[in-house]
Amino acid sequence: MAACPVGAITKRKEDGIVLINKDKCIGCRYCAWACPYGHPQFNAEAKVMEKCILCVHRLEKGLRPACVDTCIARTRFFGEIDSLTRLIREKRAERVSLGFIGAKTTTEPSVMYTK
Numbered sequence: 002m003a004a005c006p007v008g009a010i011t012k013r014k015e016d017g018i019v020l021i022n023k024d025k026c027i028g029c030r031y032c033a034w035a036c037p038y039g040h041p042q043f044n045a046e047a048k049v050m051e052k053c054i055l056c057v058h059r060l061e062k063g064l065r066p067a068c069v070d071t072c073i074a075r076t077r078f079f080g081e082i083d084s085l086t087r088l089i090r091e092k093r094a095e096r097v098s099l100g101f102i103g104a105k106t107t108t109e110p111s112v113m114y115t116k
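Residue numbers for the sequence shown, in my numbering: 2 to 116.
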């Protein structure tokens, strides 16, 4: 992310997951101001920025993010956007968009939310 003055934020080419290198992060919060989705959050105790990384350590083992597996309501899904779009159509979701609903952006988000 261009807003990070120390290059602590990267987007993986293979899956679009955005990662924050906590060893490089200086906690300046520029990424929070620049992110149109409000994902980066300041961890006051560690004095660095954090965000959901979709449990990348689980993905690398062929597992789904923990929130998907533990969601009691079974309302979280994970997978390729094309497959999820079909699933959502089948479930007749009221509204589908990329990124946060209603977000105006050219960032090509890798996460889809429904409402």
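One should not assume that every hint holds.
To be verified - Derived PhoX-like pairs (lysine-lysine); straight-line CA-CA distance at most 20 Å:
1) 62 / 25
2) 23 / 48
3) 14 / 62
4) 48 / 62
Said to hold, decoys possible - DEER-style ranges, computed between Cβ atoms:
5) 111 / 63: 16 to 24 Å
6) 28 / 88: 36 to 44 Å
7) 67 / 23: 14 to 22 Å
8) 88 / 22: 15 to 23 Å
9) 64 / 29: 18 to 26 Å
10) 90 / 24: 25 to 33 Å
11) 4 / 86: 26 to 34 Å
12) 47 / 13: 17 to 25 Å
13) 43 / 11: 31 to 39 Å
14) 81 / 39: 33 to 41 Å
Derived by calculation from the structure, the hints in this document are not laboratory data.
Cβ coordinates follow ideal geometry from the N, Cα and C atoms, glycine included.
Structure-based check of each hint:
Of the supplied pair hints, the one linking residue 62 and residue 25 is violated, its CA atoms being roughly 25 Å apart against a limit of 20 Å. Between residue 23 and residue 48, the direct Cα distance comes to roughly 9 Å. Compliance with the 20 Å bound is thereby established for this hinted pair. At most 20 Å may separate the alpha-carbon atoms for a hinted pair to count; residue 14 and residue 62 meet this at roughly 18 Å. The hinted pair formed by residue 48 and residue 62 fails the criterion: a straight-line CA distance of about 30 Å is larger than 20 Å.
Checked against the hint of 16 to 24 Å, the C-beta distance between residue 111 and residue 63 comes to roughly 18 Å, which is consistent with it. Taking the beta carbon of each, residue 28 and residue 88 are about 38 Å apart, inside 36 to 44 Å as hinted. Separated by about 19 Å at the C-beta atoms, residue 67 and residue 23 satisfy the suggested range of 14 to 22 Å. Remark: the range hint 15 to 23 Å for residue 88 to residue 22 is contradicted by a beta-carbon distance near 33 Å.
Range check, residue 64 to residue 29: Cβ separation about 33 Å, and the 18 to 26 Å hint is violated. Between residue 90 and residue 24 the CB atoms are about 42 Å apart, so this pair departs from the stated range of 25 to 33 Å. Look at residue 4 against residue 86: about 30 Å separates their beta carbons, and that is inside 26 to 34 Å. A hinted range of 17 to 25 Å for the beta carbons of residue 47 and residue 13 is consistent with their spacing of about 22 Å.
In this structure, residue 43 and residue 11 break the distance hint of 31 to 39 Å, their C-beta atoms being roughly 19 Å apart. Between residue 81 and residue 39 the CB atoms are about 25 Å apart, so this pair departs from the stated range of 33 to 41 Å.
In terms of the numbered hints stated before, the structure departs from hints 1, 4, 8, 9, 10, 13 and 14, listed from lowest to highest.
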